[in-house]
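Q: Below are the chains, spelled out letter by letter.
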Amino acid sequence: MGDVPPRRGVRVVRPALAVVLFLLPLLASAQPQRLTFQVQPGGVVAAVLPASILSDTDVRKQLSSGLTATFVVAARNRVTQDLSGARIEIRYDLWDEVWLVRKIEFDRKQEQQRIASFEALEKWWKTPLRLLATGAPRAPLQIDLTVLPFSAAEREDARQWISKSGGVGTAGGGTGLVDALIGTTIAAKPIMSYRWSVELSLK
Amino acid sequence: MRRAPSLLAVLITIAAATLLFWIFLHEVSSMWLDVALRPEVRQSLERSMEDQRTLRRLDPQRRAGYRQRFDENQKLLNRIEVIRMSREAMLRRFELSLLALFVVAATSASVMLWFRYRRAQERERREYLERMGSLQETARRHAHEIKGPLTAARLELERYADLVRGNASESELAHAAESVSEELERLARYTREFSSFAGVGKPALRRESLGEIVEQFCVTFTNAWPGVELRDGGLDAIVCVDRDMLRQVLVNLCSNAAGAGAKTVALTIVKNSGRVTLDVRDNGTGVPEHLRPRIFDPYVTTRKIGEGMGLGLSIARKVMLDHGGDLQLAESSSAGTTFQVTFGGEAC
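Just so you know, the sequences run in chain order C and W.
Residue 1 is where the first sequence starts when you use the working numbering, and the numbers rise one by one after that.
Residue 1001 is where the second sequence starts when you use the working numbering, and the numbers rise one by one after that.
Simulated from the structure, these hints should not be mistaken for laboratory data.
Backbone N, C-alpha and C define an ideal beta-carbon position, used for all residues, glycine too.
One or more of the hints may lead you astray.
Unchecked claim - Using 25 Å as the maximum straight-line C-alpha spacing, the simulated SDA-like pairs for lysine to any residue come out as follows:
#, chain 1, residue 1, chain 2, residue 2
1, C, Lys61, W, Lys1075
2, C, Lys103, C, Glu156
3, C, Lys189, W, Ser1030
4, W, Lys1075, C, Ile191
As the list claims (entries may be wrong) - Label-pair distances were calculated between CB atoms; the ranges are:
#, chain 1, residue 1, chain 2, residue 2, range
5, C, Asp96, W, Arg1092, 33 to 43 Å
6, C, Pro128, W, Glu1088, 36 to 46 Å
7, C, Lys203, W, Gln1068, 49 to 59 Å
8, W, Arg1053, C, Ala136, 44 to 54 Å
Work the whole structure out from these sequences, hints included.
A: Right, here's the structure in full:
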């Protein structure tokens, strides 16, 4: 199988929708995000995420913040609506100045690595990410990639911290007024998202 | 009469108040969050982390300590960064929550105020009708009190004229003239009663023994109201009082008690925290409940028309207020009534 260009790619960028709509054709032509697929033994479909995502300015900025950037890939069969997916977590350790990466694939297989440089990270990024397994000869898929700025653990830590700061939360940051008003609004809003629709032939 | 505000006016007021509150809230709500998210805070933490990294190279033996401090700073930095990225959602929730609370509170307050207006309006209407009823009753009493002697006097005058025309004897003429005079005297007494109400003078206060006044009153008026026994409580206190006026007050109270069918009237001096009161308690039928709030108003009485104008208690209270004290209905039931006479003090 060769490269499969995205049939429909949507890049959500703020601030102004009008500006985005105006620039969308330019962006699309300048940064063609292409997904590359592999079919592995057992009908496992793996995808290689476009390198342009990792080198995107917003993503690079977030990666170097010290927070854990999370790349959530959801693969939905457009016919059967079966959902599968994988996740990549990347955190830059500011002390040791290394990239800590964790990959969790569709079958919950995990891989953790310490990567010394961004160049090495880019190389690692090109390793296929196993998304799903299917026995069907054809797989009409909708692939969604969402980049979240921080992890659930980091969100929970901030929520507990602000609850305690409010002075009315419980010691565990549980059910205080501040927690009810403010804490629950802390959410990892995606910094960007992509969507591809592909028709894979697995023969 | 006060008017209850219309629903539209209430809604407009709530909307205006909510708008003002929201503008205020929107202006100030982000301040507390922005303090924590100020760029200087972030820059300071980043510099501190950079310092720890530099120190680990210069002082490798204390690397663990630097690492610990570095991690603490980074944790704080991460929290601030997470909050910064959630800032808009947090502020939106905060503002909406407080706004909702404000709307609920404003609506509740408006509903309460509206009900208070309605209640006040209803009370005002009821009081007006009561006043009108009272005035009508007073007019009836006045008419009756004047009409009786006038009719009698007119008839006596007609009889006098007949006697003159019939060459009646001098004694018959004198008798008829005396009857006319009696009826006119009734009218004069009636007007004197009003004169006494209108002309209640200022009391000439003197330090007096209240016990002595009460004792003397009980002796003097022991047969004033047949079937009513006056009981002296026996205690004493010095008060500033106009003896004659106080006696008039006690006469009014005892007269009312007798009218209510009392068999005994006990006059008891009570001292409480330096305050002297005289409790006048009878075992009559009590004051009807609906009259109690207005018992000291002029022309309020339980007596039938022609038996009194209902001025006694209002005069009595006016007298005691002029003393610097008061006259209050302490309690009343079917077992009796207690009036409490209070005094201004010992200094005159």
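Q: All hints, please: hold or fail.
A: To see whether the hints hold, each was checked on the structure:
Taken as a hint, the C/Lys61 and W/Lys1075 pair is honoured in the structure, with Cα atoms around 18 Å apart against an allowance of 25 Å. Restraint check: the Cα-Cα separation between C/Lys103 and C/Glu156 comes to about 21 Å, which is no more than 25 Å; the hinted pair holds. Among the hinted pairs, C/Lys189 with W/Ser1030 is consistent with the structure: their alpha-carbon atoms are about 20 Å apart, no more than 25 Å. At most 25 Å may separate the alpha-carbon atoms for a hinted pair to count; W/Lys1075 and C/Ile191 meet this at roughly 21 Å.
Distance hint check: the CB atoms of C/Asp96 and W/Arg1092 are about 38 Å apart, consistent with the given range 33 to 43 Å. For the hinted restraint 36 to 46 Å between C/Pro128 and W/Glu1088, the CB-CB distance of approximately 37 Å keeps it satisfied. For the pair C/Lys203 and W/Gln1068, the beta carbons lie near 57 Å from each other, so the given range of 49 to 59 Å is met. The beta-carbon spacing between W/Arg1053 and C/Ala136, approximately 53 Å, falls within the hinted interval of 44 to 54 Å.
In this structure, none of the earlier numbered hints is contradicted; all agree with it.
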